[in-house]
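Trainee: Chain A is already provided as a structure; the job is to place chains B, C and D on it using the hints.
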Amino acid sequence: MDALLHSLVFYILAFIVLGSAAYTAFSANLVRAAFSLLFTFFGLAGLYIYLGADFVGISQVIIYVGGILVLLLFGVMFTTNVSGQGTEKQTLQMKWGILFLVVLFLLLIPIAFITPWSVMPDAGSKALESSVSPIGVGLLTKYLLPFEIASLLLLIALIGAVVIARGEPKVRAEAAKEDTSAL
Amino acid sequence: MAVGLEHCLVVSISLFLLGVFIVMTQRNGIRVLMGIELILNAANLNLIAFNRFLPNTDVNGSIFAVFVIILAAAEAAVALAIVLAIYQQFSTVNLDEISSMKH
Amino acid sequence: MGNVESLSYFVPELILTVAILIVLFADMFGMERGGFDLPGGAALLGSILALISHVWLYSQPATMLFEGMIAHDMFSAFFRGFFLLCTVVVTLMTMYSMEVIHLKKGEFYSILLSICIGMCLVASAQNLIMIYLALELMSLGSYILAGFSRRIGRSEEASLKFVLYGGVSTGVMLFGLSLLYGLTGSTDFSAIQQVLISSEKGIDLTAFTIFLLILVGVGYKIAAVPFHFWAPDVYEGSPTPITAFLSVASKGTGFALLIRLFYSTLLTRSPAGGFWVEVGDIDIDWTFHLAVISALTMTIGNLGAISQNNLKRLLAYSGIAHAGYLLMGVCLLTDVGLQAVIFYLVVYLFTNLAAFLVVIIMVDTQDEEGMNGVRGLWARTPIVAVAMTICLFSLIGLPPTAGFVGKYYLFVALLQGKLYWLAIVGVLNTVVSLYYYARIVKAMFFEPTYTEEPIRVHPVYAGLLTALVVPVLYFGIFWDSLARYARYCASLITY
Amino acid sequence: MHTYELLAWLILAFPLLAFVIQIFFGKRLPRQGDWVPVAAICCSLFFGLILFFMVIVGEHDPNFVFQVSYPWFSGGSLQFDWGFHIDNLTAVMILVVTVVSSVVHIYSLGYMQGEDFYDRFFAYLSLFSFSMLLLVLCDNLFILYISWELVGVSSYLLIGFYFWKHSAADACKKAFITTRVGDVFFFIGILMVVLYIGEFNYTKVFEAVAHGELTGWVLTIAVVCLFGGAVGKSAQFPLHVWLPDAMEGPTPVSALIHAATMVAAGVYMVGRLFPIFSASPAAMLVVAYIGLITAFFAATIAITQTDIKRVLAYSTVSQLGYMVTALGVGAYTAGLYHLMTHAFFKALLFLGSGSVIHAVHTNEMPSMGGLKKKMPITFWTMLIATLAISGVPFFSGFGSKDAILAASLEFGMTHWLHMPIFLGLLLGAGITAFYMFRLIFLTFFGEAREPKRYDHAHESPYSMTVPLMILAGLSVIGGFGLYGGLWFNHLVVPPVIGDAAHHAAEGHGAHGSALAHYGAMALSILFATGGILLSYLVYYKKKISAEAVAGRFPVLYNLSFHKYWVDELYGKTVIAFVMWFRMVLARFDNKVVDGIVNATAPALRGVSSFSGAWDKYVVDGLVNLIAIVVQAVGAVSTLIQSGVIQNYLMKVGIAVGAILLLHNFILRIF
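Quick note, the sequences are listed as chains A, B, C and D, same order. All residue numbers for the first sequence refer to the working numbering, where the first residue is 1389 and numbers rise by one. All residue numbers for the second sequence refer to the working numbering, where the first residue is -12 and numbers rise by one. All residue numbers for the third sequence refer to the working numbering, where the first residue is 1102 and numbers rise by one. All residue numbers for the fourth sequence refer to the working numbering, where the first residue is 10 and numbers rise by one.
Only chain A is shown next, with the shape it has when bound in the complex (with noise of 0.2 Å):
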């Protein structure tokens, strides 16, 4: 009964994140689109919780959540008119594209059940302990060097957003102009 309790949230989570991911894709609205992928992510959170990664999972809804997503709805923000939805097409070369995934799917998922992966016999009764402070001495230890670099990477995202946003009016107008007068 545990079992079968234990079972039915991972099945209810694959499929939050499965159909919302879906409508994300098929969704004709871009608005649904962006707020289904909520769903999505927050539903990874939890399958992430529940395979005991809990510190990715508590990250995966500060960044992801908190973070990205409301920066993919600024985006849609910007550059949408959310009213006026509709009428244009949304998708192209959306044959071939279920033509991919169709058979990709037929194709990868023969992958995870043939591979002699090395699971452990008795994997459900791996200790479900804390994740939080085998990571952060691991990030301290031996993923030192990457966890620097990481943040070098974001000083360097960093810099490059705001280059790239910010607008320099002057330049751009007078580089439009001889881009025109080039063309």
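Source of the hints: derived by calculation from the structure; they are not laboratory data. These numbers were taken from a predicted model, which means no experiment stands behind them. Do not rely on the hints blindly, as some may be mistaken.
Dumping the calculated DSS-like pairs for lysine-lysine here, alpha-carbon to alpha-carbon at most 27 Å [as the list claims (entries may be wrong)]: (1) Lys89(B) x Lys1483(A); (2) Lys1543(C) x Lys89(B); (3) Lys1543(C) x Lys183(D).
Among the chain B residues that face chain C by a calculated CB cut under 7 Å, a handful are [what the hints assert, rightly or not]: (4) Phe54; (5) Leu58; (6) Glu62; (7) Ala66; (8) Tyr74.
Here are a few chain A residues that face chain C, going by a calculated C-beta distance under 8 Å [as the list claims (entries may be wrong)]: (9) Pro1504; (10) Leu1533; (11) Leu1546; (12) Ile1547; (13) Ala1553.
We put the CB at the ideal spot given by N, CA and C, even for glycine.
Mentor: For chains B, C and D alone, kept in the frame of chain A given last:
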């Protein structure tokens, strides 16, 4: 039926393919970014699932996943900045209309 | 080696990191000082100091650093020198180029230097997390720099295509890496290799799928067919110094990544020495698959270049073709092949940077990237025309340029590896490439120009061009030292 | 560094440096930089003289060889080196090349004054000097071939110097293509030698041949192929057609390249590789007969030509035939000696004719006449050269030509069957004397046939006459090298390597017996005098009318005047065939390619720009075929570059899917 590694893999592969599918078929640049996020999340799900089911006791998979999340955030920031710059320039984020360079 | 002791091996990267900060500060204070590009100067100084300290590190024995995150071996040392040299040249190019927006130079250089750090780390990484992180560091920087051009519309289009294409490719690669982690339970290359060596039968399909998924990311970096689509568009739209950087350093990173990742996980060094074999019971003909990709890459690249009129686009396609040539050496899985690849990369560095420098001169002096820019160049500035001719000869592979020697080593390696069909494809491709390179030479020397007015080449550019072309000729005649060096550098750390 | 090594470096470095400076900065230097190459070649001359005296006087050893080689690279089992090989022959050749080259450089200062591309002319001269010196100094077949081609390229540039003139453009193309035919054989020859012996270095190759590593018919074919190179470069029958046309180049070029140095490269090559050649008696006979045919036929053509430079050109071809024949009959010393003396007096003749042309602005001898008074220095120096080439005693040509005749007579005496060689050469010597004096009489004697030109004529400036006088002096004293018994005939002897080559060389007999020697000498003087006398009667005294003789023997006259129709023969056969073949290709092109092209839209675009250019197809034939196909394929291949990012990603995805499908399923099933 007890949940095993295979179940997780099926979810992650589906998620991955949906992400790639979005990237290929959506005209809107921001949706393409959503697709990329799905791909990264699929990989993360893989990492977490393997970390859970493989016989090691370390947390390498989780640490990998943490890094991936950080990277995804950075990449999303940069990509969105570029998309916004494109919108200023072309007044559209439909990627098929932004194809002045070809052949 | 522990984290603290490793720092002494990490001096070049540390210098670059300090330089990044100095550049950012210099940007805040120094732009008005008599027109001198202070951030550029700081970046140049930093990268040169890093190069010097790198040379000083050369004599150190091969070892693992930072708890096994990265390795210091001849291979990584070679690539670090390669990237640093590239950075120095591109910094110099940018300092005097009109193409990059002047108001944002500080950001530009700091990002350039951080890309360089990322590249060095890719070439030396020994861990999946490290390699992915380093790759993203350099990719992210490249996306941003591609958008730095003065020609607003095209540059942003390039940037957008780059970031989406790159994001998807690295995402797919990450998926492959996660499966590799799942297959072996470890992120360290050494452990992965050990597990695979002792693995049981039945993982062929998985191994191949993982390889293919990873290849999407790697192939995108080296612009190999069928992952090359971004290259022409991005090369055309980016500011030319960045195009040069992408075409040389970024491609170099791709090859470093491919060799590092592929040779130290899915392959193992044969006990007989001199070549690599697939690990454990995996029975996949890697050579064949890579060889097909190589043949496709060079063919599509060369054919695509034929009908181009924009020089940057033409060089982009030519870069694709050269990725194909380089893959010929990689797919052999032999020491000789690796040696040929490293030799060719050095040649490619000098030749391609010089060719792009000529394009930069064209763009700066007449705002023209097309064939019109080089028409009648001989009459207007003979030195540049001669330098470009030497570069093109080297790209074709004609003696007495280094390109000839590079191709010679590649083909010798192919023949030794008994990959005759690929050698034939390679030779045919060289013949095709003759056509479009010769078109440029013809335009420079024999076609009339709309003006006879001489072009004034900035003395720094003239000096840089000479410094890049002289090695092309020198190694075309006395290549023994370089060949020996390449053999020396073709050694990866083994466990 | 050894002194010789240093000297060799210096000799080579100056012209190369001058070339680089001149090509890049020539236009901007004062006087268009003409002084740079002149100074450079004078430096080379200076060091060349030092080298010459150190080797010839200092060493005074017939077997002296100095070798130094630098490793270059190794390709597979072959080791490619480069280096210097200095022996007596090298020293003599260095002397000849540097002397003639510097004289011509100085002469060009006057002759080329005010021409367009003056600076570039000197750059080309320097390049040529460098290549020729490299050819002489190098120590292996590989570098020999490279410098051989370099010489060809610089010659091409110099012949086509007046590239705006159709005739010059045609001539340089003809020269290049014709010599390429020879070069292909040469290349095959080198390949054969290297394939069988595995070495490039002269000495090692010679030793290997001496040890019999390359024998029998393979050796014969290899030698004949090697000789093919000489046939092209030294304008031997049947590839001699390019040399007379090459006279379209500026006259100093004709003097330097097409009289004294480059055309002698073939002879030099035969001499340098003599140990290989002499190992194959059969091939040596081929060499001798080709030389004989060339010597005799060219001489008969020269009789009727009216263009002064063409007469000299055919005379050059003929004299080169003498040298080749001499080497063919084993007279190594005599052949190479003639090379040296000929270089001096033929350069002089050309420069003299250049001086005349400079004065009267025409090449046609019938328009000249009576120039003796107007141009005394030119006349006297040219007379000396003419006496030398005619084989009059006490002039240089006498000694060398007599030695050749003696050697061929001796060869004929041991092998009676081959007596025609001697007879042909002897008769040729008489004809040479005849047409050379014809040239002198027509140009300098008699009344002025075109007074306007005559009045305008004047002696050339010193920069042109001084070189003439220097060469005149050399044409006289050059003769004492052999008959003064000073040095040549016992220093420049066939290299002795192993036993086989030694015997072969001895068997041919390089030193004539007394009978052959004096007999040949007497006959040669007799024929030379006869030729001069006849010429005197016909063209000076007008006792015999040339027109009448020509009228009496129209067939012979026409044969000679039309150069035996060799050019026309080539035109009707080889060139006609090529043109026909091009036509066929063009038709094919037009039909088949259009078909392919119409099938694809992008290709159609490529072709439409070429439409209406049927002529172009005919002319450019195969090249266009390839170009169009390649263009079309290129256009198609870039069509996949749609510019839409999702489309790119879709293609990547489909490619990945296809690979996976193929590898994981389809290939597994089958």
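Trainee: Each hint needs a verdict: does it hold in this structure or not?
Mentor: Going down the list of hints, with the structure as the test:
| no. | hint | result |
| --- | --- | --- |
| 1 | Lys89(B) x Lys1483(A) | holds (23 Å) |
| 2 | Lys1543(C) x Lys89(B) | holds (26 Å) |
| 3 | Lys1543(C) x Lys183(D) | holds (22 Å) |
| 4 | Phe54 | holds (6 Å) |
| 5 | Leu58 | holds (5 Å) |
| 6 | Glu62 | holds (6 Å) |
| 7 | Ala66 | holds (5 Å) |
| 8 | Tyr74 | violated (10 Å) |
| 9 | Pro1504 | holds (6 Å) |
| 10 | Leu1533 | holds (4 Å) |
| 11 | Leu1546 | violated (10 Å) |
| 12 | Ile1547 | holds (5 Å) |
| 13 | Ala1553 | violated (11 Å) |
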